[in-house]
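Colleague: Those sequence lines, one after another, are chains A and B. For the first sequence, position 12 matches number 12 in my numbering, and the numbering has no gaps at all. For the second sequence, position 310 matches number 310 in my numbering, and the numbering has no gaps at all.
Errors might be hidden in some of the hints.
Selected chain A positions facing chain B (in silico; Cβ < 8 Å) [to be verified]:
1. 19
2. 20
3. 26
4. 27
5. 58
Pairwise CB distance ranges, derived in the manner of DEER restraints [what the hints assert, rightly or not]:
6. 17/A / 389/B: 32 to 42 Å
7. 199/B / 38/A: 31 to 41 Å
8. 37/A / 128/B: 20 to 30 Å
9. 357/B / 37/A: 46 to 56 Å
10. 46/A / 389/B: 38 to 48 Å
11. 23/A / 123/B: 14 to 24 Å
12. 74/B / 72/A: 50 to 60 Å
13. 68/A / 331/B: 46 to 56 Å
14. 45/A / 169/B: 20 to 30 Å
15. 293/B / 38/A: 41 to 51 Å
Covered stretches of chain B (chain A as the covering partner; in silico rule of three or more C-beta atoms under 8 Å from a C-beta of chain A) [stated by the list, open to error]:
16. 78-88
17. 138-151
18. 188-194
19. 371-383
In case anyone wonders, no lab produced these hints; they're calculated from the structure. Bear in mind the structure is a predicted one, so any value in this text is a computation, not a measurement. Built from N, CA and C at the ideal position, the CB exists for glycine as well.
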Amino acid sequence: MGSDSDRPADDSAETAFVGNAGEPHRAGGAGRQADQAPPTAEELDAREERFTRPRKPMGPVESSTPETVPDEP
Amino acid sequence: MIQANAHAVVVGEAPEMATVRLNRNVGLDDTATSTRTSTIGEPSVDARGDDVFLTGNWYASRSSDGGASWTAVDPFTALPSAAGGFCCDQVVLYEPSRDIWIWILQYIRSGAGNVFRVAISHGTSMGSWYWWDFTPTSVDATWTDIWFDYPDAAVSSNHLYITFNAFAGDAWQRAVVFKIPLDALRDGTSLNYLWWSTTANGSLRLTQGAQDSMFFGSHNGGKLLRVYGWPDGSASIGTIAVTVGDWSSGPYSAPTPGGGEWLKRTDSRITGGWISGTRAGFLWTAGAGSGHPMPYVKGAVVDTVTRALVEEPEIWSSTSAYAYPAACPNANGVVGVSLFMGGGDRQPSHVVGFRDGPDWRLVITRAGTHGPPEGTWGDYLSCRRHSTRPSEWVATGYTMQGGTDRRNVEPQYVQFAIG
Chain A
1 MGSDSDRPAD
11 DSAETAFVGN
21 AGEPHRAGGA
31 GRQADQAPPT
41 AEELDAREER
51 FTRPRKPMGP
61 VESSTPETVP
71 DEP
Chain B
1 MIQANAHAVV
11 VGEAPEMATV
21 RLNRNVGLDD
31 TATSTRTSTI
41 GEPSVDARGD
51 DVFLTGNWYA
61 SRSSDGGASW
71 TAVDPFTALP
81 SAAGGFCCDQ
91 VVLYEPSRDI
101 WIWILQYIRS
111 GAGNVFRVAI
121 SHGTSMGSWY
131 WWDFTPTSVD
141 ATWTDIWFDY
151 PDAAVSSNHL
161 YITFNAFAGD
171 AWQRAVVFKI
181 PLDALRDGTS
191 LNYLWWSTTA
201 NGSLRLTQGA
211 QDSMFFGSHN
221 GGKLLRVYGW
231 PDGSASIGTI
241 AVTVGDWSSG
251 PYSAPTPGGG
261 EWLKRTDSRI
271 TGGWISGTRA
281 GFLWTAGAGS
291 GHPMPYVKGA
301 VVDTVTRALV
311 EEPEIWSSTS
321 AYAYPAACPN
331 ANGVVGVSLF
341 MGGGDRQPSH
351 VVGFRDGPDW
361 RLVITRAGTH
371 GPPEGTWGDY
381 LSCRRHSTRP
391 SEWVATGYTM
401 QGGTDRRNVE
411 PQYVQFAIG
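Chain B extracted, bound-state conformation (with noise of 0.2 Å):
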């Protein structure tokens, strides 16, 4: 058990102090990922009961038994193509009020744009999808030239909120938030949706854990962090600007066993973010600096109704890099974290916790063998509750087991609890 706060670091454990529970704790073998892994995993989880849907670079698997068991399912032809065919990012949510799964892929451009999908199935016949497929000129006739990258989502009480950034090559352009009413999705129906983008702020991150609204956040890598909130029932966007204390955007190093680097492809975009109550919170790779001798996680919990900072939590080691924080709350409002640690002496290794008070509870899933050859790690993980079991969590994240190959990429499937 590792628990982490403010201030330290402290390995070991105290009778009184709450633990993490691991109800499941599962790396997904060859077969499961039909051996399509990568060291940019990108792994996105959920469940409802003991099925669970995971994907990741460039693989699903489908599990009925709660991740004793899995079955690949190929991202590439399980729907038929779109624009230039699959490409890599995939995000999945299971909606529990509707019962639908929810699964986003992203495609290749075909040309100067391309396609993401947000693909339905009921929960009682999963496997059984309909999908409808956004084009940049189909939200604005004038992105003739756009592309959508690197997607979030996650749903209110009403609607499925989808993230993107938009690129003109492989210059950033803006970023938009899709509002798609779930009844909508759930019913297969013809889907109007809301949409809205900004050219303030990039790789906006959603809460985990949204009701009545949907807030979302963005620092562009200094002190300013501003949170933007969508109520459920409206078609504006407020915002909220805070200014949290200093951190370092980069540079981000943190050499493994060997001298290897896993955070070359490290920025400072926000990668977790949840709501709880009225208080939204956001979590990023910060690097080393001001007192922190690695890279480590920085965040801020803004109360979105007196609009004010009021924490600045942080995960952080003296002797390896904490990276790619996801966030969700359970049921309870407590705050689960899925990221990774690594350096020192130790290879990319997956952790996850939730909040204790000030402090984290923190459990090593998985230690990995070793670290990516080429330093390319990340770009996410996640983090949700649990949908019959709310006070748990669901988590993914990956090591490499054996060697440093591609195929040596090993997804983990994490069911997890206050122990």
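The shape of chain A in the complex, shown without the other chains (with noise of 0.2 Å):
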């Protein structure tokens, strides 16, 4: 549990960029994009067919043993 050894080793701030996403855009205005046809149960399965991919990577992960892969013959 707790203990000073807990304690940060690396507590310095970093400081946050500024952006602007502009005025909202809102249904019917200027913003308004074509339209995206609701997709039919095919497309649906064809979506989940794809879910049994390898998830992508959560981000980086800490180094393990590596892999160990032999020559072969």
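Since each chain comes alone in its own frame, lean on the hints to assemble the complex.
Modeller: Put into structure tokens, the structure is as follows:
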């Protein structure tokens, strides 16, 4: 549990950047883009199939023992 | 009732113990979702009194009677399209002090980049939306090959915070945090915001229940947990680093009856965060090991003043896995959770509950009858403080009912309290 060793090794603050997203879009307003057709059941089935692909990485991970791959004969 | 703690799981009920009371526990039928459900459900929900808005892959639905009846909302057409069209991930929040609904939608890549949208509807005119679109290059002109994925969102007293992972192709590049003033969202004015990004940690999970500062955390699958703090009135982000106890970041396996798998997509990223008083807590799914025969929920609680790790709560069972925890404190600081339980003799099922001292009081809202045929489940749930009954929580989950097709996925809306 908590101890002095738990204290941050580096707690230097970082500064955020400023952005601007402009005025909001409203339905029927100038920001309106082409409507999207609703998907068919088959198109959603295809999306479901794509979920069987490996999940995208969550970010950097702590390195563990590297994989060992033998040479092919 | 399931009583789980760091040392044991006990099935039964002791009369003196607090229990979970399900004030509303409703499965959404095909009409409510337009049968646009997926085994990667990613449901999100919030409530304004009896007005409820619930989203998931690839549907949205509204209720005006506390969940008794639902009306489908089409996330593909309710708003004009953007980028390559509506994709998938959605997050819903209701912010009571400004009386606004916040609906975050992720759009498909068009070229290298995509769009995420922050749509606002006032509480008294739910369904009349205005919105801002964020593209990677509108945030940083150099992000020409970047697209956003995997959102999280939470509010503090005066800001909406949103996190995303940023990818180039399928390669993770950085995590980004947006800090957006709630007043501007309410007023629908030109939107100035702050943003910050890091390449040190991914999948940043925000803390629900924030007031003066937002905290968010990530652990990179190891023992070093980094908690970031962003004061509401500041442009500076600080960090706290703590070392948690041993845990395993996989592999994840919890075969269900019949030998099916439901944790093929699971990884160790943090999926639940809360702040209560000075303590920021985080929950994630850990692999079996260290006395845990099944994958389980591991947690860490950090005192943001003393900067020390103060607790490492766990939710585990010797017979089934727990996974994908979401968390939120109620107005009394009691931590509510929404998560899945499955494996062993149990198909993936939805569970809610709360922390009672060192213990967890949990109840299964609905048992699944089947599991996903391809082992795909997740990737997140939601748990919120109820806006007008702040000692209670609202939460989402889902199960499969009557079959293994995506159409058999049934989202669950739950409003629960301490019994």
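Colleague: All hints are to be evaluated individually against the structure, with a verdict given for each.
Modeller: Now for the hints, and whether the structure bears them out:
1. 19: Holds: closest Cβ of chain B sits about 5 Å from residue 19/A, inside 8 Å.
2. 20: Holds, about 5 Å.
3. 26: Constraint on residue 26/A satisfied, holds at 5 Å.
4. 27: 7 Å, holds
5. 58: OK, holds: residue 58/A within 8 Å of chain B, min 4 Å.
6. 17/A / 389/B: 32 to 42 Å: Between residue 17/A and residue 389/B, where Cβ atoms are some 39 Å apart, the hint holds.
7. 199/B / 38/A: 31 to 41 Å: Given range 31 to 41 Å: holds, Cβ gap about 38 Å.
8. 37/A / 128/B: 20 to 30 Å: 23 Å, holds
9. 357/B / 37/A: 46 to 56 Å: For residue 357/B and residue 37/A the Cβ distance comes to about 53 Å; the hint holds.
10. 46/A / 389/B: 38 to 48 Å: At 41 Å between Cβs, range holds.
11. 23/A / 123/B: 14 to 24 Å: At 22 Å between Cβs, range holds.
12. 74/B / 72/A: 50 to 60 Å: 53 Å, holds
13. 68/A / 331/B: 46 to 56 Å: 53 Å, holds
14. 45/A / 169/B: 20 to 30 Å: 25 Å, holds
15. 293/B / 38/A: 41 to 51 Å: Roughly 45 Å apart at Cβ, these two residues keep to the hinted range, so it holds.
16. 78-88: Since three or more residues must qualify, the claim that chain A covers the stretch 78-88 of chain B holds, with 7 doing so at under 8 Å.
17. 138-151: holds (count 5)
18. 188-194: holds (count 7)
19. 371-383: That given contact holds, which follows from 3 residues of the stretch 371-383 of chain B lying within Cβ reach (below 8 Å) of chain A.
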